[in-house]
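> Fit chains B, C and D to the given chain A structure using the hints.
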Amino acid sequence: MARQEALHPAHTLDISSALPAAAASRPRTAGSERWLIWLFLLPTVLFLVLLLWLPFLQGVWMSFHKWPFIGEPQWIGLQNYRDLFGAAYFWTTMRVTLLYSLSTALQLALALGAALVLNQSFIRLKSVWRGVMLMPYAMPPVVVGAIWMYLLDPDLGMVTHYLLSWGIISKPIYWFSDPVWAKWIIMLVASWTFWPFMFIILLAALQAIPESYYELAEVYGANPWRRFRAVTLPHIRGAMLAAVIIRIAWNLAKIEQPFQLTGGGPGYETSVLSILTYRFAYLSGDFGMAFTVGLLLILVTFVLIAPFLRGFQKQIKQARRR
Amino acid sequence: MAMYTQRSTLTQKVLGYGGLAVVLLIVLIPYGYIALTAFKPAEEIFDVRWLPRAWSLDAWRYAIEFEQFHVYIYNSMIAGLGAAVLALCVAVPGAYVFGRKQFRGKDVMFYIIVMALLFPFVLLVVPFTILWVKIGLYDTMPGLWLAYQVFIIPFAIWILRAYFAELPPFLEECAMVYGCTAFKAFWRVMLPLAKPIITSLMFLAFLVGWNDFLFSNMLTTGEGPRTASVIIYVSAVGGERVEWDVLMVMTLMAGIPPVLLYIVAQGQFLKTFAVRGH
Amino acid sequence: MDLNGRYSRRDFVAMTAGLAAMGLTTSLTPDLLHAQAGSDLKGVTIVYWNMIGVQNPIVKRLSASIIKAFEQRTGAKVKTTWDTYGSIIGPKYRTNFVAGKIPTVFDGSNRWSGQLRSFLRPMNDFIATLDPETHAGIAWLLPLVEHQNRGYPDADQIYDLPFTLIPQAPFVTRLDHWEQAGLDFDSNWPIRDTEHLVEVLTALRSVTEYPYEVYGKIWDAGDTQLNGWVRSLDIPNSDFINDDWSRSTCDSDAWITAVQFYIDLYRKYGFSSPNTPQSTDEGAVEQLIRGQKSLVHADILNRGTIMRRMRRGIQDGTIQWGPHCPMAGGTTGSTAFLAMSSFSITRQEGPDAAIQEAAAWEFIKEWLMPENQIALAKSSGLCARRDLWEDLKGAPDRYIEAVTSMLDNPGVWSNHVKSVDIQYNLFAPHIQQAMQGNDVTHELRAYAAEVNKIL
Amino acid sequence: MAENIGIRVHNLRKTFQRGRVQACRNVNLRLAEGALMVLLGPSGCGKTTTLRCIAGLEQPDNDDAIWVKGRNITRLQPKDRNLAFVFQDTALFPHLSIRRNISFGLDMHKTYRRAERRRRVNEVAELLHVEDLLERKPHEVSGGQAQRVALGRAIVMEPDAFLLDEPLANLDAALRVEMRTEIKRIQKRLGISTIFVTHDQEEALSLGDVIAVMKDGEVQQVGTSHEIYHHPANFFVATFIGSPPLNCLPCHVQTDNGALNLASRAFQLPLEAAGVASSLRNQGEVMLGIRPELVAIAPERPDTVAARVSLIEPLGSRTIIILEAEGVELRAMVQGETSAREGEAVHLRLDLERAFFFDNAGNRL
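Protein chains in written order, with the numbering used here: chain A, 1 to 322; chain B, 1 to 278; chain C, 1 to 455; chain D, 1 to 365.
Heads up, some of the hints might be wrong.
[Unchecked claim] Straight-line alpha carbon distances no greater than 25 Å define the calculated SDA-like cross-link-like pairs of lysine to any residue that follow: (1) D:Lys-188 - D:Glu-116; (2) C:Lys-453 - A:Gln-79; (3) B:Lys-13 - A:Ala-222; (4) B:Lys-106 - A:Arg-310; (5) A:Lys-317 - D:Arg-18; (6) C:Lys-42 - B:Thr-221; (7) B:Lys-101 - A:Trp-38; (8) B:Lys-13 - A:Ala-109; (9) B:Lys-106 - A:Leu-46; (10) B:Lys-134 - C:Phe-119.
[What the hints assert, rightly or not] Computed list of chain D residues with no C-beta within reach of chain B, every gap over 12 Å: (11) Lys-69; (12) Gly-70; (13) Ala-174; (14) Val-177; (15) Ser-243; (16) Val-253; (17) Glu-342; (18) Glu-344.
Calculated from the structure, these hints are not laboratory results.
No residue lacks a Cβ here, since even glycine has one placed at the ideal position from N, Cα and C.
Bound-form chain A, shown alone:
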């Protein structure tokens, strides 16, 4: 011990000078993980900034203008916003937008049900059924919309035909013209088209739950519902919230289907905000107004997803703590 103490200073110096490489390597090691972080982020960030954020900021700028497709833009301040909020159809549009977002709940219900069933061990031919579940999402939404127009045609379609012949309805329902039905029909068709998106994500999450958790739950006598609450739900909550958020956003942002089914009518009854955006941008060629509606759409979507977003952030934090 004594000798060690005595040697100590010289010893330290000796080694330091003998190993210059160790000191020189400092920046590399200190930053190596940092380097990885930025390198990994770079493509995503570059992509989002260039392709989404620049147009977005330009859009904010445009919303303060009268901005024709071809020609000189003209600064008009908040006039677009005043026009939009003052328009007769504004509240109709807001109402139907909120209603349309509910199709997410339907999608979730279908997807969760299907994923849970297909995660049961006793089901045979699983992979085939999973493939079948995917079908609605494996076709372009425009095509799915057209097919439903065909099936739902009030005078010629198969749905009305069977409903009538089974005595469920006594007169054809004019799905696309009836102001109430038109709202529900765009919602139902969207649900049918997009639920497999959630299904795939939920199934992947379900499959990652270790069997031991279920065994444990069973040992403690949990019934299926409690098993779902105690084991399944916590494990798929993150995936579920992410999928719900994405679907709300996409249901509201994607326009092809409702536009094709009803063109936003009758009147403004099915003119969800995205249809309004499209109308202003490409039918009216008024980009200032289109972006005004677009920004409102972003705001509305954000408000709708905010609760899920908070749940999601909490989930992630919990996961990190574990």
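Chains B, C and D in isolation, oriented as in the chain A frame:
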């Protein structure tokens, strides 16, 4: 395969198969009906009956011989695969960092990505088209791959981040102690662990490319790589009148490959392992 | 031009059209039929965006065959893009043009090319070089094109050359329903005016619950039968906007009367189905074929559907076309609006500009050839060349007779930059609200105010 | 002592959140080659951070903090340090078989041939009795087995040092004792310097050749089990170590006719023992710390303390008697059984000669 293998009671089986049947019917009735419609002659299109009185291949012949629809199916395949691969290269590293690393400004950056998800895509086509023509990506397959990422990357990062964050802690550190660089730890350990979700996401990304109409139509002409969804629209839906039989044929042709691909890709799922927990 | 080749092509075209009616089984073999002497356009490539092909598979095949014939005749090469109405109405064409992705030549409806006008090349000098026969056949359309563009300072320049026509919108009916209703066809056809229409429909209601259809969907609400009725009351105010494009005409008395009648057919008389606010002529024609409707307004696009689905009905005269009728008390003979499919050539720059434009023009001429015109008339709209109409008459459904009789003094819609907005986007919600029971005058005034704001 | 130094931690400083959180203030450790050191302390004391700094999973603030076998490795990447780390929750790779998990480190360093890797994995598996599990996946083995595999993954590397971060914390009590013995046995056999982090003092005392007690990012004392227990450097070490815990009695030192007395509410005792008296002279308030085994029930004498038995905890080989004297609680531990009864009034003899005294700052007097 992590799956609950408890002895199932009869009630559970009945409920399970009952549920499966309901969901299958919801999917299969419309799909089955249009599949059979694809074999109806034009006069029978609006006859409400399942089996055609006279089976007809006219629409098939038209779609394949004249429209060369199979060529566009091939284009869609390339478009979808490219979109999936590119998404993988961009989103997986990003999501990994968001899910498992700490750095300054992380939350802010993440919210920026969330916002990208909310953007009304339909307004992007103008700046995109102008930019794509300018940088020579117009009418090219890479141009389409890149454009599709607008849809894919935000959601891919979301879902992957949740998945990465919930993987067991310390795995990369462990790998690094045992001889990996930070990158190799990601590559050798985290990436294989995320395989189920990556497969799912690649598949969803593939479908984005496969199904997209907005960009596929805006960013190509007949001289470029048009995809099946554009051709369906141009050939069967884009006129004021719909060519129902042609539409049904093309729908079938476009709908089946992804389903088959998915069934095959599930080989990946079957190799799933208990990832979380010990 | 080789006479033999020409006649053989004419035979081919006749055969095609005949087969076209029988379905999609026809396989065109243009290579053999169009083999003709080459021309001086070898090595020239033009880019062509085709929209007329979207009308139906027959037209698409015909387009392909005309393109091929042109390539073989001239040695030029055509790069074709098949596109849709949605593309010219929506963002595709505008955005691509602004971005610099521009075809050499394209076809479209000349109601919608106004927004692209600055990219186009006037064709007057080319038109002057047409052979006398062709020139005489289409000359009657040129004033209409000028009128359509009257708001532009260079309205006398022709940017869009029509090649097929869609007169809006003749009646089509089922003779068997008349017989079932005990209506005498010969004394009641064609329909004389709207009062007569109500009479006939009342009788036909004994056969079908909703014998007629008023069109409410965004694309059909304003441009099928309605403008014709306004026109029969008040020619100067029958378009959506006035003569100098300074304001909307839609709050005029003629408009209010005509729209009120339009709505009445649905709400007061109950001739039109509850689907009215979202109904389309395509749907109505399907129902006509299935016997669920008796008398509707339809256009040539629907004729393709009838040809495919009701061949026998055409041959035995069950399907009968008749001209559009005026409002009771209105003028006859000037009730029709005419939509035109037309070609445009884009402005070319650089050393190849002249040869490119020449090739594009040569290509347009291909479509104006008699046999192609006739083939188009049989599978798409009425052909632009008036001199060929006589050849087309005599079919049992009397379509050509009906539409040509409507074209003595046809109206045209304005090719305003905002015509999509004016005719579809702003109009449809108001007409749909009127269909749901709102006051017609109120809706039309509100609509006119919106239009005035953007003009 | 001409020993070689296996691991040296020199003035290690590690702060988080830009200096706001000081995890390690100035940590100095020195571990002889082949020895086993236990880092012991309550959670948040910086022991895990210290270990992670050694492994390279955290970057120390100073450049010369970590030395292994005489080499400054402070800024080397973890993979280049040739150290093996065992994590609390095993961190086995779920997608790899047990065999691939064990050979992971070998696979990453391409220097070994296949056959060599196989041989070494088999050897280690045998050593750890997991040879039958090699083809299984981690989720198919028990917690104890998983921890053995994690150890195996470390051992197979033949590293310069083992770093174990509470490897037994997730195991049940019986398994923990068994594994503890096994780890010590293997460590002795392999002779590889080892640092073992734990917050369990029993584990620490039984395992460590040397124990370093940490608190608030600082090393409080380094010593053998005996030293730590019997000669704690300060109040914290004395109270942290020992079960049942140290009796702590606030007292003051009085001088009465030149004789020193130790006074508290419950007693006044003469401080006769020379060693004790000299260090306490001139002190006022002191803290008396006395291990329970140094408190004994005795017949009444002037130097005994009156107390009442409030509770008896028989533990088989030993018995703990909880006593109360004038509102002060004391614990006594005796071998075997006791004749004392709950509620009984007794007298206690305190072995002040072997007791500890601390000043207000907690320093040993």
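> Go through the numbered hints given earlier and state which of them the structure violates, listing their numbers in rising order.
none
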